[in-house]
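Enquirer: Read off the chains here:
Number of protein chains: 2
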Amino acid sequence: MPAPRTIALDAMGGDHGPEVVVAGAAISLVRHPSLSFILTGDETRIRTELAKHTTLARKSRIVHTGTVVSMHDKPSQALRRGKGTSMWLALEAVKAGEAHAAVSAGNTGALMAMSKLVLRPMAGIERPAIAALWPTVESECIVLDVGANIGASARQLTDFALMGAAMARALFHVERPTVGLLNVGVEEIKGHEEVKEAHAWLKETQALPLDYRGFVEGNEIGQGKVDVVVVEGFAGNIALKTAEGTARQIGQYLKDAMTRTTMSKLGALLARGGFRTLKHKMDPRRVNGGTFLGLNGIAVKSHGGTDALGFASAVDLGYEMAESDLVGRLGADLASIQATLRLRAAEPGGAGPDGTRGGQPRAAEG
Amino acid sequence: MPAPRTIALDAMGGDHGPEVVVAGAAISLVRHPSLSFILTGDETRIRTELAKHTTLARKSRIVHTGTVVSMHDKPSQALRRGKGTSMWLALEAVKAGEAHAAVSAGNTGALMAMSKLVLRPMAGIERPAIAALWPTVESECIVLDVGANIGASARQLTDFALMGAAMARALFHVERPTVGLLNVGVEEIKGHEEVKEAHAWLKETQALPLDYRGFVEGNEIGQGKVDVVVVEGFAGNIALKTAEGTARQIGQYLKDAMTRTTMSKLGALLARGGFRTLKHKMDPRRVNGGTFLGLNGIAVKSHGGTDALGFASAVDLGYEMAESDLVGRLGADLASIQATLRLRAAEPGGAGPDGTRGGQPRAAEG
Chain A
688 MPAPRTIALD AMGGDHGPEV VVAGAAISLV RHPSLSFILT GDETRIRTEL AKHTTLARKS
748 RIVHTGTVVS MHDKPSQALR RGKGTSMWLA LEAVKAGEAH AAVSAGNTGA LMAMSKLVLR
808 PMAGIERPAI AALWPTVESE CIVLDVGANI GASARQLTDF ALMGAAMARA LFHVERPTVG
868 LLNVGVEEIK GHEEVKEAHA WLKETQALPL DYRGFVEGNE IGQGKVDVVV VEGFAGNIAL
928 KTAEGTARQI GQYLKDAMTR TTMSKLGALL ARGGFRTLKH KMDPRRVNGG TFLGLNGIAV
988 KSHGGTDALG FASAVDLGYE MAESDLVGRL GADLASIQAT LRLRAAEPGG AGPDGTRGGQ
1048 PRAAEG
Chain B
688 MPAPRTIALD AMGGDHGPEV VVAGAAISLV RHPSLSFILT GDETRIRTEL AKHTTLARKS
748 RIVHTGTVVS MHDKPSQALR RGKGTSMWLA LEAVKAGEAH AAVSAGNTGA LMAMSKLVLR
808 PMAGIERPAI AALWPTVESE CIVLDVGANI GASARQLTDF ALMGAAMARA LFHVERPTVG
868 LLNVGVEEIK GHEEVKEAHA WLKETQALPL DYRGFVEGNE IGQGKVDVVV VEGFAGNIAL
928 KTAEGTARQI GQYLKDAMTR TTMSKLGALL ARGGFRTLKH KMDPRRVNGG TFLGLNGIAV
988 KSHGGTDALG FASAVDLGYE MAESDLVGRL GADLASIQAT LRLRAAEPGG AGPDGTRGGQ
1048 PRAAEG
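In the order they appear, the protein sequences are chains A and B. Each residue of the first sequence is one higher than the last, beginning at 688 in the numbering used here. Each residue of the second sequence is one higher than the last, beginning at 688 in the numbering used here.
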């Protein structure tokens, strides 16, 4: 019997606000009946939606506010409007220990900035990252960073590896998740010293709670070659968007091909069970939700334009990570690695200890 | 009536050597009967293959060599083995004016290094790039750089824009191709000053032989939003490989879905015309070939593992670029831009001229 978990929902976030957020929460509640919710935003609009879902209404508490972060606000503007907004209040609920995770379909940049400010990065983590679930031929993998930062030092890439591994343990229930560094195939060309340095560190460092498998290429992500794919945020975001675009493009090709002739149409009609399976597999709503990793609390970003089913996936994700105590586990991992590395660094011939973590690549930047 | 064109083929390149290269050339010759070929490599093996294609044999000349670049050679090793190899001799034929383009399915890093050495970068171009043809919903677009370099300065990105536009004019026959800079959606996050600076320059600079459309995201490449997508080589290579991987993954989903039930199988059988269309659309051999842009000559890299049909696409690509005088056109573009910018820089209030191109972003690195 899972412990009761509370998720804080930014009811005003996304293109549709309470309508989608409340309906999504209702779907997730059916799947996880132990859940309860804190809904932040316009009380009247939230009540109107809750009236359609009586079970959910009983398990929800509303924190009213009249101010919201708009989809067009820059993070700096959002932070100025700050404390009053529905987004901020959802994160505050996590910080105060009233909720185990926050979910918002609002403005990504604003959510990232506010999450950092409210939840603060974990000790030993330089930069949080956004992790995405990525469908593979067999099941799913985790890709990070998909856009929290542009560029990453070797040290930050190794942090991402640890954070991604902790998330994989939480979601996939494997003790030592396989991890790969995304790189380009032409090994010989110059550049990206950060990636090479992170590779050397991950390869050499024993006692990590992960199984490092070396470099992977873009075409191997979807093959499920590893559980966790690590990449800096610019290339990671481009890879994610490119995969989404390619899937949509092929869907279009398929539709065109199946409606070209009467015979094709008839065939497609007979095979509609198969097409339904395919559509389900390719449904982006199944894996909706980017997770902010490396903060003292869980924040999940849902796609802004998603519907109730997609928002429910983001709520599920928040639930699973709360349920598996992602933050606690990651904290324990980091502490244990630091202890091991300090020990090794103190040995004769070991690398000299630096301020935070002996032997780990130093950040190239602040 | 197109002018006779000669393509130099590295007959030993790729996983299969002369077998695939010669068969591919034969296919391309049917499409472009004005073509003739120089085949570099092991004469005996090439003759054995040519014996199967009498028309091609009449239009081919063999330049024998016993040394080859292996798929596992590092560029430095390949350069040491250097001049004797089949790859080098194919490039030499272009340099000597005996061939209008070289095509090789050999080792990418080695081909890039040798091309730079033999053909030399064009005046005014800091770094060559590899351009890929990318299938879109409507037709095709050009994406560069897909892996010649890692990272790019603002100046190099604007060079890529000019080079890509010249290729688009040559292949797509549009006077002012649309160009976009690949970027991440979350505009507010810090970083990639190079991309922002290139954006500002392309937006402000009049008289460019292209129609600059601003930033595009990964999901917009396949939508065909622009004719040319510009990106540095690390993210570009990852995007390309990710799209290939996603296409293969969905192909696998589709196959699984269509063989799940007897009804699906029957439907798929009836719709096989539609599936054939789809398969053709998704066939990676249709757009095989990365073009090295920015050199004083055309070099095309074919996939190493492709078959005759795929190799023929790479030969076609070399032919089309030779036919449209890509190198000459790009040279004229660069000269005209330099003249315009020098003129403008000399005006009162214009940006001060620098050594090569007034007003264009200066390279951050050598």
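The set of hints was computed from the structure by calculation and includes no laboratory data. Wrong hints could be hidden among the right ones.
Put simply, identical chains are the same to the list, so a pair is met inside one copy or across any two.
To be verified - Listed next, the in silico DSS-like pairs over lysine-lysine satisfying Cα-Cα at most 30 Å (straight line): (1) K746 with K966; (2) K942 with K883; (3) K739 with K883; (4) K952 with K942; (5) K890 with K761; (6) K761 with K883; (7) K952 with K968; (8) K966 with K803.
Enquirer: So, for every hint listed, does it hold in this structure?
Expert: Tested hints:
no.	hint	verdict
1	K746 with K966	neither (33 Å within a copy, 50 Å between copies)
2	K942 with K883	neither (43 Å within a copy, 38 Å between copies)
3	K739 with K883	neither (55 Å within a copy, 47 Å between copies)
4	K952 with K942	both (10 Å within a copy, 18 Å between copies)
5	K890 with K761	between (40 Å within a copy, 22 Å between copies)
6	K761 with K883	between (34 Å within a copy, 17 Å between copies)
7	K952 with K968	both (21 Å within a copy, 18 Å between copies)
8	K966 with K803	neither (36 Å within a copy, 46 Å between copies)
Violated hints for the displayed structure, listed by number in ascending order: 1, 2, 3, 8.
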